[in-house]
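J.: Could you put the whole structure together from the sequences, leaning on the hints where they help?
Quick note on our numbering: the sequence shown kicks off at 338 and runs consecutively.
Since the hints were made in silico from the structure, they are not lab data.
Fair warning: there could be bad hints in the mix.
The calculated lysine to aspartate or glutamate pairs, modelled on EDC-like cross-linking and capped at a C-alpha distance of 16 Å, are [claimed, not checked]:
1. K472 <-> D435
2. K472 <-> E456
3. K382 <-> D424
4. K441 <-> D411
5. K441 <-> E456
Using C-beta positions, here's what the derived DEER-type ranges look like [claimed, not checked]:
6. P461 <-> S496: 35 to 43 Å
7. C486 <-> F378: 18 to 26 Å
8. A517 <-> P462: 39 to 47 Å
9. R345 <-> G495: 27 to 35 Å
10. F480 <-> I457: 24 to 32 Å
11. R485 <-> K382: 28 to 36 Å
Virtual Cβ for every residue (Gly too), placed ideally from N, Cα, C.
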Amino acid sequence: RIVRILVRRARKKLGHKPTPTAAVIDSQTASTTQAGGPRGFDPGKRLHGRKRHIVTDTNGLLLAAYVHPANVQDVHGAVPLLEHLRDRFPSLQHVFADRVYRGKQLTNALSHCGPWTIEIVQRPPGVKGFQLLPKRWVVERTFAWLGRCRRLTRDFEGSAATELAWLHVAHLRLLTRRLAAP
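T.: This is the structure we're talking about:
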């Protein structure tokens, strides 16, 4: 609850309305230790571990997060996260996502969430290597900010709930520094 209040204050400080109308979703796979808890294998990244799904506003402020085993596909992991987001931010109307979230599966699952539109940000055709994609870089920057917290570089926790708590602690640290700055 305190994170939600600080996000609203940070948005006001940036000159925006307290509640967002657009968001960006992405996931990150983190390797785990043998400590136990739910873990899976992500064949795309070739890692055993967990996935962290996050939704940020267009400024990169964390709106919601969800942690699950890495073998869960991104589309399936996004549904409970976005359903949770619907209750917390009713003003949300538009979600930017990468091509992993394309298809009818996510659209059908979120049809009861309200008049949301999901825009898949595509890479320009013919481009090889790294390409800065509009709107999508915001969530990648948030992952980089959170990655500066040493506890999140690798998942040492036994449960997904503990990792989620550390994710919120790292974001809380970012928010307090941002709000304390002149």
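J.: For each hint, tell me whether it holds in the structure or not.
T.: Going down the list of hints, with the structure as the test:
Only pairs whose Cα atoms come within 16 Å are accepted, and K472 paired with D435 is accepted, the gap being roughly 10 Å. For the proposed pair K472 and E456, the alpha carbon gap of about 10 Å is at most 16 Å, so the pair holds. A distance of roughly 32 Å separates the Cα atoms of K382 and D424; the hinted pair therefore is violated under the 16 Å criterion. A distance of roughly 14 Å separates the Cα atoms of K441 and D411; the hinted pair therefore holds under the 16 Å criterion.
Restraint check for K441 and E456: satisfied, since their Cα atoms lie roughly 13 Å apart, inside the 16 Å limit. Look at P461 against S496: about 41 Å separates their beta carbons, and that is inside 35 to 43 Å. For the pair C486 and F378, the supplied restraint of 18 to 26 Å holds, since their beta-carbon distance comes to about 25 Å. At about 45 Å, the CB distance of A517 to P462 agrees with the hint of 39 to 47 Å.
Range check, R345 to G495: about 33 Å between beta-carbon atoms, so the 27 to 35 Å window is met. Judged by the Cβ atoms, the range 24 to 32 Å given for F480 and I457 is violated: they are separated by roughly 19 Å. Restraint check, R485 to K382: a C-beta distance of roughly 20 Å breaks the suggested window 28 to 36 Å.
Checked against the numbered hints listed earlier, the structure breaks hints 3, 10 and 11; every other hint is satisfied.
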